[in-house]
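J.: If you use this note's numbering, the sequence shown corresponds to residues 1 to 175, in order.
These are computed hints drawn from the structure, not numbers from a lab. Be aware that one or more of the hints could be misleading.
Straight-line C-alpha distance at most 25 angstroms; calculated SDA-like pairs for lysine to any residue [to be verified]:
#  : residue 1 : residue 2
1  : 169       : 91
2  : 169       : 122
3  : 169       : 154
4  : 151       : 114
5  : 169       : 104
6  : 169       : 109
7  : 169       : 152
8  : 151       : 172
9  : 169       : 103
10 : 151       : 138
11 : 151       : 132
12 : 169       : 138
13 : 151       : 95
14 : 169       : 110
15 : 169       : 124
16 : 169       : 96
17 : 151       : 91
18 : 151       : 112
19 : 169       : 153
20 : 169       : 113
21 : 169       : 7
22 : 169       : 114
Cβ-Cβ distance ranges computed for the label pairs, FRET-style [what the hints assert, rightly or not]:
#  : residue 1 : residue 2 : range
23 : 65        : 162       : 33 to 41 angstroms
24 : 65        : 3         : 25 to 33 angstroms
25 : 126       : 6         : 14 to 22 angstroms
Treat the numbers as computed from the prediction; the structure is a model and nothing was measured. For every residue, glycine included, the Cβ atom is placed at its ideal position computed from N, Cα and C.
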Amino acid sequence: HDLTYLANMRRHADRLGQICRILADHSMMLGLEYIGTQTLRVRKRYPFIHTFAETLDLLSEVGARNCGFVLDTWHWWTAGDTPDQILTLQPENIALVDLNDAPRDIPRESVMDNRRELPVATGRIPVDDFLGALASIGYDGPVRAEPFNQKLNELDDDTACEVTITALKSAMSLL
């Protein structure tokens, strides 16, 4: 689209607000995930929401109590966001948490979104700081792994599940 950033945000806030009103009738929450990966942001004329702060602005504009963050370590890290930002939230501001890690040898601004590693596989993303901030605010909601990883995809389902569960347990043991 050719909408400016502000016009696009207002359009999204209006539409998301309508969705949240419907979801509220069914006691459901909508989670919004910003896209911090620079290689995805630069594809459009006007980059859209790609940081924690911008997502906070959008959530404020939506103004619905049942609309919150999907916090993803990948996008949090690629956007250059910090644990201090997470500390500004209440647990009810978070719908879901995704854990990933990043390849070791690719600059942050060049990483491709579909080349993620399992949580704590490389230590590149400071998952301990991320999870520590979540624990500090009392978040106890859902956490999942979200790797986009060819090696993992090539494993049979049971083995892929075992490897993923092991990675999640390793990440959670950092607390």
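J.: Each of the hints needs a verdict: does it hold here or not?
T.: Against the structure, the hints:
1. 169 - 91: Holds, because 21 angstroms separates the two Cα atoms, which is no more than 25 angstroms.
2. 169 - 122: holds, 15 angstroms
3. 169 - 154: Holds, at roughly 22 angstroms.
4. 151 - 114: Judged against 25 angstroms, a Cα distance of about 12 angstroms means the pair holds.
5. 169 - 104: Holds - the C-alpha atoms of residue 104 and residue 169 are around 21 angstroms apart, at most 25 angstroms.
6. 169 - 109: Roughly 29 angstroms between the alpha carbons, so the hint for residue 169 and residue 109 is violated.
7. 169 - 152: Answer holds: residue 169 to residue 152 is near 17 angstroms, not above 25 angstroms.
8. 151 - 172: holds, 23 angstroms
9. 169 - 103: OK: residue 169 and residue 103 at ~20 angstroms, within 25 angstroms.
10. 151 - 138: violated, 34 angstroms
11. 151 - 132: Roughly 29 angstroms between the alpha carbons, so the hint for residue 151 and residue 132 is violated.
12. 169 - 138: holds, 19 angstroms
13. 151 - 95: violated, 29 angstroms
14. 169 - 110: Given pair residue 169, residue 110 is violated - Cα atoms ~29 angstroms apart, limit 25 angstroms.
15. 169 - 124: Distance ~17 angstroms between residue 169 and residue 124 Cα, so the pair holds.
16. 169 - 96: holds, 17 angstroms
17. 151 - 91: violated, 34 angstroms
18. 151 - 112: holds, 16 angstroms
19. 169 - 153: With a Cα-Cα distance of about 20 angstroms, the restraint between residue 169 and residue 153 holds, given a limit of 25 angstroms.
20. 169 - 113: holds, 23 angstroms
21. 169 - 7: With Cα atoms ~43 angstroms apart, residue 169 and residue 7 exceed 25 angstroms; violated.
22. 169 - 114: holds, 23 angstroms
23. 65 - 162: 33 to 41 angstroms: holds, 38 angstroms
24. 65 - 3: 25 to 33 angstroms: The hinted range 25 to 33 angstroms holds for residue 65 and residue 3, with Cβ atoms some 27 angstroms apart.
25. 126 - 6: 14 to 22 angstroms: violated, 32 angstroms
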